[in-house]
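Asks: Here's the letter readout for the chains.
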Amino acid sequence: MAAAALLEMRGITKRFSGVTVLEDVSVSLMEGEILSLVGENGAGKSTLMRILSGSHPYGSFDGEIRVRNAPRSFHTPKDAHEVGIRMIYQELSLHQDLSIAENIFLGRLQQKKKWLANWSGMHGSTAGLLERVGLKQSPQTVLRTLNAGQQQLVAIAKALAHDPRILVLDEPSAALTEEETNRLLELLKSLKAHGISCIYISHKLKEVYSVSDRITVLRDGRVVAQREASSYPSQQLVEDMIGRKIENMYPKLSVPIGAEVLRAEHFTVQHPQAHAKNVVTDAGFTVRRGEILGIAGLVGSGRSEFVNAVFGAQEHDGRGKVFVEGRPVDIRGPRDAIRAGIGLVTEDRKANGFIRTLDVAQNVSLASLRAVSSHAVIVRSKEEALAQRFMSSLKIKAPGLRAEILALSGGNQQKVVLSKWLATQLKVLILDEPTRGVDVGAKVDIYGLMAELARQGVGIVMISSELPELLAMCDRFITLAEGRIVDEFAKSDASAGRIMSAATGVHKERKTA
Amino acid sequence: MLLARREAGVLLPLVFLFVTVGSINSAFFGVDNLINMLRAASFTFIAAIGTTMVLIAAGLDLSVGSLVALGSYTTALALTSSIPVPLAVLIGMLTGGAVGMASGGIIVAFRIPPFITTLGMLYMVRGVVLIASKGVPIYPLPDAFNAIGQSALQGIPYIVIIAAGLGLAAEFMLRCTIFGRAIYAVGGNEETARLSGIAVDKVKISIYAVAGCLATITGLLQASRLGSAQPSIGNGFELQAIAAAIIGGTSLFGGAGTILGTLLGTIFMTVMTSGMSFLRVSAYWQQLVIGAIIVVSVGLDQFRRRRL
Numbered sequence: 000m001a002a003a004a005l006l007e008m009r010g011i012t013k014r015f016s017g018v019t020v021l022e023d024v025s026v027s028l029m030e031g032e033i034l035s036l037v038g039e040n041g042a043g044k045s046t047l048m049r050i051l052s053g054s055h056p057y058g059s060f061d062g063e064i065r066v067r068n069a070p071r072s073f074h075t076p077k078d079a080h081e082v083g084i085r086m087i088y089q090e091l092s093l094h095q096d097l098s099i100a101e102n103i104f105l106g107r108l109q110q111k112k113k114w115l116a117n118w119s120g121m122h123g124s125t126a127g128l129l130e131r132v133g134l135k136q137s138p139q140t141v142l143r144t145l146n147a148g149q150q151q152l153v154a155i156a157k158a159l160a161h162d163p164r165i166l167v168l169d170e171p172s173a174a175l176t177e178e179e180t181n182r183l184l185e186l187l188k189s190l191k192a193h194g195i196s197c198i199y200i201s202h203k204l205k206e207v208y209s210v211s212d213r214i215t216v217l218r219d220g221r222v223v224a225q226r227e228a229s230s231y232p233s234q235q236l237v238e239d240m241i242g243r244k245i246e247n248m249y250p251k252l253s254v255p256i257g258a259e260v261l262r263a264e265h266f267t268v269q270h271p272q273a274h275a276k277n278v279v280t281d282a283g284f285t286v287r288r289g290e291i292l293g294i295a296g297l298v299g300s301g302r303s304e305f306v307n308a309v310f311g312a313q314e315h316d317g318r319g320k321v322f323v324e325g326r327p328v329d330i331r332g333p334r335d336a337i338r339a340g341i342g343l344v345t346e347d348r349k350a351n352g353f354i355r356t357l358d359v360a361q362n363v364s365l366a367s368l369r370a371v372s373s374h375a376v377i378v379r380s381k382e383e384a385l386a387q388r389f390m391s392s393l394k395i396k397a398p399g400l401r402a403e404i405l406a407l408s409g410g411n412q413q414k415v416v417l418s419k420w421l422a423t424q425l426k427v428l429i430l431d432e433p434t435r436g437v438d439v440g441a442k443v444d445i446y447g448l449m450a451e452l453a454r455q456g457v458g459i460v461m462i463s464s465e466l467p468e469l470l471a472m473c474d475r476f477i478t479l480a481e482g483r484i485v486d487e488f489a490k491s492d493a494s495a496g497r498i499m500s501a502a503t504g505v506h507k508e509r510k511t512a
Numbered sequence: 000m001l002l003a004r005r006e007a008g009v010l011l012p013l014v015f016l017f018v019t020v021g022s023i024n025s026a027f028f029g030v031d032n033l034i035n036m037l038r039a040a041s042f043t044f045i046a047a048i049g050t051t052m053v054l055i056a057a058g059l060d061l062s063v064g065s066l067v068a069l070g071s072y073t074t075a076l077a078l079t080s081s082i083p084v085p086l087a088v089l090i091g092m093l094t095g096g097a098v099g100m101a102s103g104g105i106i107v108a109f110r111i112p113p114f115i116t117t118l119g120m121l122y123m124v125r126g127v128v129l130i131a132s133k134g135v136p137i138y139p140l141p142d143a144f145n146a147i148g149q150s151a152l153q154g155i156p157y158i159v160i161i162a163a164g165l166g167l168a169a170e171f172m173l174r175c176t177i178f179g180r181a182i183y184a185v186g187g188n189e190e191t192a193r194l195s196g197i198a199v200d201k202v203k204i205s206i207y208a209v210a211g212c213l214a215t216i217t218g219l220l221q222a223s224r225l226g227s228a229q230p231s232i233g234n235g236f237e238l239q240a241i242a243a244a245i246i247g248g249t250s251l252f253g254g255a256g257t258i259l260g261t262l263l264g265t266i267f268m269t270v271m272t273s274g275m276s277f278l279r280v281s282a283y284w285q286q287l288v289i290g291a292i293i294v295v296s297v298g299l300d301q302f303r304r305r306r307l
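Sequence lines, in order, name chains A and B.
Just so we're aligned: 36 in numbering that gives the first Met the number 0 is position 37 of the first sequence, and the numbers increase by one with no gaps anywhere.
Just so we're aligned: 171 in numbering that gives the first Met the number 0 is position 172 of the second sequence, and the numbers increase by one with no gaps anywhere.
Calculated directly from the structure, the hints in this document are not laboratory data.
Listed next, the in silico DMTMM-like pairs over lysine to aspartate or glutamate satisfying Cα-Cα at most 25 Å (straight line): (1) A:K320 to B:E190; (2) B:K201 to A:E314; (3) A:K188 to A:E7; (4) B:K201 to A:D358; (5) A:K203 to A:E178; (6) A:K276 to A:D316; (7) B:K201 to A:D329; (8) A:K394 to A:D347.
These figures come from a predicted structure and were not determined experimentally.
Take the sequences, apply the hints, and build the full model.
Replies: Now the structure itself:
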């Protein structure tokens, strides 16, 4: 390497109570470079960055950190700040009720005449920072009024206020739209041109390729590859991340599609605040045995509210009707839906997918307690046999049946949630963003499971914002825009363009009956 | 293994305290004193069983003390109206169950927080007892009734046996039954529980009913022990019950806790109070110490969890 390394982390090894999380990891960052750090959840990326930021203090790990060839020991985040390292976290640490300027200068207000805050000075500096990040907002704008993309820019402006040498961004695009993401990536490139190097952590490989000079892959706490982005085939990158070959990312099986298993009609959900407005208007769908129905639409198009209403978990105007295998079912709550053979994997598994105070086996049996008990008494051996069955068939990686669910990675937590529904008498499974926050390996497993369920004759309804997975996995599609079904088409007519134009309302004339 | 459990936090201090007091004053280990402590602990424990269940379900019951008085008063009233003892006891228990069910119903139907609902019940129920009794105790009570609280089997007071039976039943219910699992699920994450098909509203109403029932059992046992029903009995009892549960490792945020822990918490508080009077520490100090123990025990628990 000819260019001077701005930052070097050498031979980093970190253990948590005997478990090695990072082993002999060496990473370097050049002057004026964007380095992407990729790996599955639990690969050690966050731990490595916590070491770099001083959150895991010097001495709690082996190895050394050198900045401009001088060894450094960071005991606190402040030490890392002093050499110009700034972290921008996934969950933004900004105060929603303060203005942009107040957020940027929080904790170090400029003063005048000893006791007064120098607001005009701070507003001036803020305006300059906002211009650098390309955010056209007044410094006095209250943060709550900004969307996620704009708030991300404020976080970067806040970091820039400290004149950093190295920016570390941890999954910055998680809450951003595609356009916002593109603007963020452009900003990082322009900062690079001004000599600010960057470590970029993301699951989204498209972004990684578009922004980075080099890519470092972590797997199970070790560096498995460190390559120039331009000469790194993406297939190879994915295989490096998960450590096995993927013959088929989307193992979709072709199965005969049977009789109608679920039909929902005329669902209308009112807006929680504005009663004149509907979140979902007169929506419905049918799904057949062995079929995977895709529900496309932008975030906020009413997709989740729609399926939650069908499941009985969301209030609606009461005119919606549900038929299971042709027979009308009165669904007043999730209990009725489950009894009718419907399962729902919700969008946010932490909020309402699993229960963190219950262990793995208890989460698996949660929706089928009757099946593992006799006379209302839970039979421990039955519960464990049930959990064990899914642990092996879904390849759930967990320290044990009675392990805490929070000890599992996102992908394995999602598999536990899926197991909960598989343990019921399932006829229809509704999946709302089933692969969100799940690493690549677990994604493939979840696709495989969907295909297998379809083969067994279960009807599947899938909501996803990731068009490639939706297009690859589904047999038929409906597109929602502003709470209405605006398009419906078969796999043969499907394309990302058709979905996006319907979802964004570009081609309303294409609406089908 | 045993020490890794949540309840274990209180076990070592309890043993330490017990041995220390006993070695300073050996009369502390005397059978009479041990029996007295067990009996005193039994009253708190029975009410605290209900409180523990409510806390596990992420609820709160402040009406326990007033329900103790209600149980004591209604049973006595029934007895003095010459209703037979078993039926009078049943009436006493059912009034508590009914009030608890009402609290649960209000919490579920009107979405009024448990704190507010049961605080309201605390005042209303106490008010009803005072209005109905005009503040005057009821006595004498029939001997057959007083025998429950005043006699013993092979030296072990019936009250202790009743408390042990109720504790075992509650622990079995929480640990092994579908209903118990539902309580932990509702307390851990109500939304997930509902989406998984658990009848969350029914579970909540039931546990407040059970807790109410247990509070009135405590009350009628107190009446039987004293041979009279005192309208002012049970004042502040809800806080003792909550303290016992929390010292025993029950989480105020719901989803975690055991009856075994609450038992240890109750015994700890009893040994503490009794031990201090044995060591001739002024009774005024006892509240100060118990308060400090509550804060320290929760603090230690938080510290332990942060390190995990």
